[in-house]
Amino acid sequence: MTLWLGLFLVGPLVMVALYSLLQRGPYGEIVWHFNLANYQRALDPLYLRVYAKSLVLAGSTTGICAVLGLPLAYTIATSSKRWQPTLLGLLMLPFLTNFVVRVYAIRLILAAEGPINLLLLGSGLTTEPWLMTDSAFAVALGMVTNYLPFMVLPIYVVFEKFDFTIIDAAKDLGARGWPIFRRIILPLARPGLISGVSLVFVPVLGEYTIPDLLGGAKTLMLGGLITEQFLRVRDWPFGAALAMILVLSMVSVMGLMRLVGDPATRRQRGFIPG
Amino acid sequence: MLSIRQINKRYGSHQALKDATLELEPGEFFSILGPSGCGKSTLLRILGGFETPDSGSVWLGGVDITRVPPHERPTNMVFQRYALFPHLSVAANVGFSLSLGRMTGAERRRYVDEALALVAMEGMGERRVQSLSGGQQQRVALARALICKPKVLLLDEPLSALDLQLRLRMQAELRALQRRLGMTFVFVTHDQSEALSMSDRMAVVNRGHIEQVGSPAALYDHPATDFVASFLGTMNRVTVQYSAPCNQSSDHVWVNLDGSNRLRARWSQGRPLPAAGTPVTMLVRPEKIGLREAHSHEASVVSTDGRELSLPCQVSDMAFHGATTQVTAHVANLATSVTVTHLNRDSLPAGLSLGSRVQLVIRLDLDHVLIAPAIPPVTTGG
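These protein sequences, in sequence, are chains A and B. Numbering-wise, the first sequence is residues 922 to 1195 according to my numbering. Numbering-wise, the second sequence is residues 328 to 709 according to my numbering.
FYI, nobody ran anything at the bench for these hints, they're computed from the structure. Nothing here was measured: the structure is a model prediction, and the numbers come from that model. We put the beta carbon where it would ideally sit given N, CA and C, even for glycine.
Distance condition first, Cα-Cα at most 20 angstroms in a straight line; then the derived SDA-like pairs of lysine to any residue:
1) A:1082 <-> B:408
2) A:974 <-> A:1149
3) A:1082 <-> B:457
4) B:476 <-> A:1095
5) A:974 <-> A:962
6) A:1082 <-> B:413
7) A:1082 <-> B:455
8) A:1002 <-> A:1085
9) B:478 <-> A:1095
10) A:1082 <-> B:458
11) A:1002 <-> B:338
12) B:478 <-> B:503
13) A:974 <-> A:1171
14) A:1082 <-> B:456
15) B:476 <-> A:1097
16) A:1082 <-> B:407
Chain A is nowhere near these chain B residues, computed Cβ spacing over 10 angstroms in every case:
17) 390
18) 653
19) 673
In isolation and in its complexed conformation, chain A is listed as follows (with noise of 0.2 angstroms):
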């Protein structure tokens, strides 16, 4: 394990914060001198609103996948146990296609001449095409229908474990439909909410395919803008302090979560009388 993870984790994290402090040379080789422009560099206004995009980007894909993945876990947890596998595995069908030919499909779907825009422009309902890829639309679209499961499978997982005469009990002491979620559903799934937000917003903040695909070159993101820095303007030292970057906010959030969701924190917020 130790082994493992120092291979495949630390070694890789300790050569890019390493590659962070270096300098690209002209010809796009890696120059030994230490300093910190990479960072200074990175803090541009310029990349400043490529973060913040991606920030609001991969916070309202969370969002969404939150407030649709909650009542569809719900769904599946007090659905019989006879129809269960089934709904989940109609959840996981589309993984059974590989991860770019879906985000194509949702391309093609979304195109000028895709099925939306001629049964929009069939039925009359508009003259012009509706021009929906190459927007933020269009990737937080595809964010949304790629992460969904992520947040659904750990929602679900604290749901099917669940006593439903809980909510029962709820009702017999006299609450109704938006107290019952709010103090009862809510608190308790609230661990699986957790780690579906973890699950969703981590790779979503460093996604690159989906943007590139679909948000044409209008939306660049930090997970784009990182790739380009290797692969086409070959500065590795810059990609690598961007790389950093990413990595300690997507730390961070993860801290954050796990403050949330600690014990401790929950039971000094907790519903005690008075």
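Add chain B to chain A, keeping to what the hints say.
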């Protein structure tokens, strides 16, 4: 006060309740007893508002509440596995219903303390519910329901998860609490001894049908149907011959015990009368029959007053139970073995031991003897 009128409920092809009708008195401890899957929990869930009957109605204090949702009903339920909110403290569980309203914190705390005191859980308010024992969780569930001051408290097999010792203690406490509060309790159980010992009145349910309603003693001594007779306590089953209905009332019949002796007993309600000579089952409780010493080569005799029949038998087993002794004896005339419960307060017939020949004494015209069509023994659900 609480009246259940001709309720029918069907799940697919399974008829859970058939024309269930009950009338409950205010302040009574009413048990609904039956084997698992008989429909008793369905009936309770209908009373709580968690299920809607296909037909029929539920009335409480002259108001039709059949379609009133659970959160608006003046009933509260203690669930089988307590259904406590695992993320809340004991006090928050008990105070849950109050926290939905506009009550101030101090006031709420006072009510919660009162409710906890009622179930002997003072000072446990800050505990986590997972850290409590089964019996304590049971008390919290009870306090949580009682704090709402329901007109009727519904209890769904609340003691079934407790061990015997604790169950007996909780039975006594529940009964005492119900008397003190004067509240109507509807208690669902599959445990016949629990229902017998706790209830003011009880109903026995079988396959969605309410077989009989009455006091525990009435149901035990005068079961209306062979199901009630077999489900409550133990019964000797003796195959006898059906003879004829009695003149005076159609629910009593004559049966032939052995060749020459007849016995008058009640006929199981709702069962069609068979043809004369058909073998039928006689159900008689082990403590309603007795043993006496046999004179040498005594045959079956009817006592001089014509009330008692004694039949020769041979003791095949004896089991000492402290207060009682169970004697099993083989009766040649009836071609069967019967069990007799002998109260150890009275002395056993002299010289009674394994293999000894004694006389089995059966009174001849007793209401507690029930005659039913020859049926296989009823399995009492666990």
